[in-house]
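Protein chains in written order, with this note's numbering: chain Y, 9 to 271; chain F, 4 to 342.
Everything labelled a hint here was simulated from the structure, so no lab data went into it. For every residue, glycine included, the Cβ atom is placed at its ideal position computed from N, Cα and C. Honestly, I wouldn't trust all of these hints.
Pairwise CB distance ranges, derived in the manner of DEER restraints [claimed, not checked]:
# : chain 1 : residue 1 : chain 2 : residue 2 : range
1 : Y       : Gly151    : F       : Arg325    : 19 to 29 angstroms
2 : Y       : Glu197    : F       : Lys136    : 31 to 41 angstroms
3 : Y       : Asp155    : F       : Arg16     : 44 to 54 angstroms
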Amino acid sequence: MTLLALEHVDKVFGGLRALRGVSFEVAPKSIFGLIGPNGAGKTTLFNVVTGVYRPDGGHVRFDGAEIGGLPPARVAGLGVARTFQNIRVFRSMTVLENVMVAGHKLHRSGVLSAIVRNTAHANDEGALSVRARELLEILGLQGQAGDIAGSLPYGSQRRLEIARALMLAPKVLLLDEPAAGMNSTEARELERQIRFLRDELGVTVVLVEHNMSLVMSVCERIHVVDHGETIAEGTPAEIREHPRVLAAYLGEEPSAGRTEREA
Amino acid sequence: MDIATQKPRWLLRLVLSAGVLAALYAANLGVQAGFIEYVQRIILIAGINVILAVGLNLINGTTGQFSIGHAGFMAVGAYAAAFTGVKLAPHVTALLGAGTLADGVTFNLALLVGALLAAGAGVLVGLPSLRLKGDYLAIVTLGFGEIIRILFNNAQFLGAATGYFGDSPAGLPTYTSFFWVFFWVIVIVVVVRNVTFSQTGRSLIAIREDEIAAEAMAIPTTRLKVLAFTLSAATAGIAGGLFAHMQSGIRPEDFKFDKSIDMIVMIIVGGLGSISGAALGGVFVAVTLELMRDLQQYRLVLYALLLIVIMLVRPEGLLGTREISLAALRRRFRQPERP
């Protein structure tokens, strides 16, 4: 049972091999962590999965179908939503509009309906707004619905990106460093929200994050990459003690990989 | 919010439209009686500018693409409407008898043909070029505008460089009146407003704000850009048709590159991304250019200076991205009551 599977994915930028044969499988309704030092290729992996980059080798399968190389809008339409490491909210739009804009599936009436402002248009707008407010409430942003998105603090903008991605009714949600810029209270709240997404909305979550306490407590499986290569995969407990992971994060001691230190 | 008032809405709309038409008709009579022809002409030009600016703003303001070939679409509309009007008039008169009705029918059919062909040109240019961004798109649209002008310059059946004056020695019929210009201003402003404040409009703004994020939200960016381009071209086509029937003929040099620049000036002065700003900019350009006519050769110098001053003092344009609307006015008047 896998929802998202990468098979020997390669990505090359000029002389740099950003990804070298990375493979992993994400089970449905799981919370899957993807970690590694800076520059390991985590965001590149997200970009390959979501169609921003075309893989130079290997396969990306979602729900059994190949999605490697499809354009981003197609991949998103199939049910793979994402957030961005460098926040990309639509800054001049309100918080509510930011979420509504991702809700094409709820908006069947076209531009002609909008021009004549018929009942179908009014109903669609109503449905969009209701759903968007529900999602804002899940992320704790209901009080900011009318605010301009660019004026929100970073933590709130990250949660807004999650709400917006959820508007696509995705099967998989890829979160790229959602806790960056959040304080520890906000990060704990985020952890609760991520669990809620999986438990209540049935969304599979793939999480790239540097906040190790968040990753270790929320993820069921963790995949570790370094220099574009897989170095380990396992449960949080296994990863915590994996010698190659420790070496990648803390540096290798020439004598042996035996370290009791922990991040 | 409107859901509760759905049933009587069509009735309300009918009454509202009838009221607007009556008011337009009365204003038409007033303008014709109250102003000399010179002032009337400025008012018509202002109206046509409003259409051009509001249409172009859909591409350059709302969607954030930089198009500088809009005079090309206007030219397509102008020539198509003029030609259609000339060929259609005898048939319509034969059917309805000569008079205001026949003129109105001929004129509006001609305008619609102009809009349709301009929209077609919009698709033709939009499909290949909207994969380009920024400067590259600007260059393609600029090239398109010039190509259109040169095509008309060489089209013998449209009078080539001399211009198109129809089949009769009197030139093109002057159908364009205050009534029809502002009828189309209202139609186009309402259509553009309704598109802008809808899921389509939100998607267009999303493309402007962050195209990568828009794509990641499954927004069909290319299709929407072509849609904005097509709609915008159609409005320019209407403006072209209205322009063509204001005088006895149209010449290719009426649609030169500086015409496109004028339109860019209108939307930048008014405030990129604001419909009311674009309308204001359209009127502003028409009026200031006329007011400065006495300055003769210094006119364009002063005009450029004025633009520089506006850009220094209000770089976001007169209105920025704000809109003038009843709701906004109400909010403004209520504000002092709040503690």
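Hints, verified against the model:
no. : hint                                      : in the structure
1   : Gly151/Y <-> Arg325/F: 19 to 29 angstroms : holds, 24 angstroms
2   : Glu197/Y <-> Lys136/F: 31 to 41 angstroms : holds, 38 angstroms
3   : Asp155/Y <-> Arg16/F: 44 to 54 angstroms  : violated, 33 angstroms
Against the hints set out earlier in the document, a violation occurs for number 3 only.
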